[in-house]
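S.K.: As a plain string of letters, each chain reads:
There are 2 protein chains.
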Amino acid sequence: MLMAAAMGCDGLMSKKVKRVGMVVGLNPKDISDYKILHSDSNPGVRDLLNKYNMHNFSIFLHQIEGKWYEFGYYEYTGDDFEADMAKMDAEPCIRAWLKVCGPMQLPLKGEKSWATMEQVYYNE
Amino acid sequence: MLMAAAMGCDGLMSKKVKRVGMVVGLNPKDISDYKILHSDSNPGVRDLLNKYNMHNFSIFLHQIEGKWYEFGYYEYTGDDFEADMAKMDAEPCIRAWLKVCGPMQLPLKGEKSWATMEQVYYNE
Chain A
1 MLMAAAMGCD
11 GLMSKKVKRV
21 GMVVGLNPKD
31 ISDYKILHSD
41 SNPGVRDLLN
51 KYNMHNFSIF
61 LHQIEGKWYE
71 FGYYEYTGDD
81 FEADMAKMDA
91 EPCIRAWLKV
101 CGPMQLPLKG
111 EKSWATMEQV
121 YYNE
Chain B
1 MLMAAAMGCD
11 GLMSKKVKRV
21 GMVVGLNPKD
31 ISDYKILHSD
41 SNPGVRDLLN
51 KYNMHNFSIF
61 LHQIEGKWYE
71 FGYYEYTGDD
81 FEADMAKMDA
91 EPCIRAWLKV
101 CGPMQLPLKG
111 EKSWATMEQV
121 YYNE
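Heads up: the protein sequence lines correspond to chains A and B, in order. When the letters of the first sequence are read in order and numbered with my numbering, they come out as residues 1 to 124. When the letters of the second sequence are read in order and numbered with my numbering, they come out as residues 1 to 124.
Note that these hints are calculated values from the structure, not bench results. Don't take every hint at face value.
In the DSS-like style, the derived pairs of lysine-lysine whose C-alpha atoms are separated by at most 27 Å in a straight line are [stated by the list, open to error]:
#1 B/Lys29 to B/Lys87
#2 B/Lys29 to A/Lys35
#3 A/Lys35 to B/Lys18
Quick list of the computed label-pair ranges, beta carbon to beta carbon [claimed, not checked]:
#4 A/Lys16 to B/Val17: 21 to 29 Å
#5 A/Gly102 to B/Tyr122: 18 to 26 Å
#6 A/Val100 to B/Tyr122: 13 to 21 Å
#7 B/Glu111 to A/Met85: 32 to 40 Å
#8 B/Arg19 to A/Lys16: 37 to 45 Å
#9 A/Glu82 to B/Leu98: 24 to 32 Å
#10 B/Gly110 to A/Ala83: 26 to 34 Å
#11 A/Glu91 to B/Ile36: 22 to 30 Å
#12 A/Glu82 to B/Glu111: 34 to 42 Å
Ideal Cβ placement from N, Cα and C applies to all residues, glycine included.
Okay, chain A solo, but in the shape it has when bound (with noise of 0.2 Å):
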């Protein structure tokens, strides 16, 4: 009690979010078609998203030296990050969602997937 009194309310009732940014390639033969596929009227895995507490999605695309990039940014506000990104790639939904897209990505060296940033700054 004395811990949660000096930690103030804020420390006591404010969830502690997790800032997630995230980089893998595109082929460059797949821009379009991977546009179509997560544009706004495309629900595609939006609702296994919420349901695995990542909220505030965004992906943007950029070319760096010639190559195609995408990066990611979201807010994960769950208790347990590991346990839901485990369940969530073992919905059938994800699974069929990654056989599309998964192919048009081109992962950085030693990379199986997106590559997790490391955040560096934040301000509110």
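Once you have looked at the hints, place chain B on chain A.
M.R.: Leaving out everything else, chain B in the frame of chain A:
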């Protein structure tokens, strides 16, 4: 009124947020200093980001094909992005900050600083 009713309360009341993703190279010799400058304990230009409606600002660091890059994400909540950015750029504190951070960065070909990326996906 009819149009507003058709949009629903959310469409009427909620403010449009502009999500910005950006990328720039980082000189490997400056990584350590860059991290110190951006540490939680350094106030830096945090107050100015908020003054000009830039929130939920993260910077991530990752290596791609042997070179280091920073990836920035933030949410702009103001009404005039261009005007706010111009006003912020004119702040003496930002100018001093950029005099230190700018030389650490290696802009992509054709860019002067951060390159703005194309957003291709969003999910709440």
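S.K.: Run every hint past the structure and note whether it holds.
M.R.: Okay, the hints, checked on the actual structure:
no.: 1; hint: B/Lys29 to B/Lys87; in the structure: violated (31 Å)
no.: 2; hint: B/Lys29 to A/Lys35; in the structure: violated (37 Å)
no.: 3; hint: A/Lys35 to B/Lys18; in the structure: holds (19 Å)
no.: 4; hint: A/Lys16 to B/Val17: 21 to 29 Å; in the structure: holds (22 Å)
no.: 5; hint: A/Gly102 to B/Tyr122: 18 to 26 Å; in the structure: holds (21 Å)
no.: 6; hint: A/Val100 to B/Tyr122: 13 to 21 Å; in the structure: holds (19 Å)
no.: 7; hint: B/Glu111 to A/Met85: 32 to 40 Å; in the structure: holds (34 Å)
no.: 8; hint: B/Arg19 to A/Lys16: 37 to 45 Å; in the structure: violated (22 Å)
no.: 9; hint: A/Glu82 to B/Leu98: 24 to 32 Å; in the structure: violated (39 Å)
no.: 10; hint: B/Gly110 to A/Ala83: 26 to 34 Å; in the structure: violated (44 Å)
no.: 11; hint: A/Glu91 to B/Ile36: 22 to 30 Å; in the structure: violated (42 Å)
no.: 12; hint: A/Glu82 to B/Glu111: 34 to 42 Å; in the structure: holds (37 Å)
Violated hints, in rising order: 1, 2, 8, 9, 10, 11; the structure is consistent with all others.
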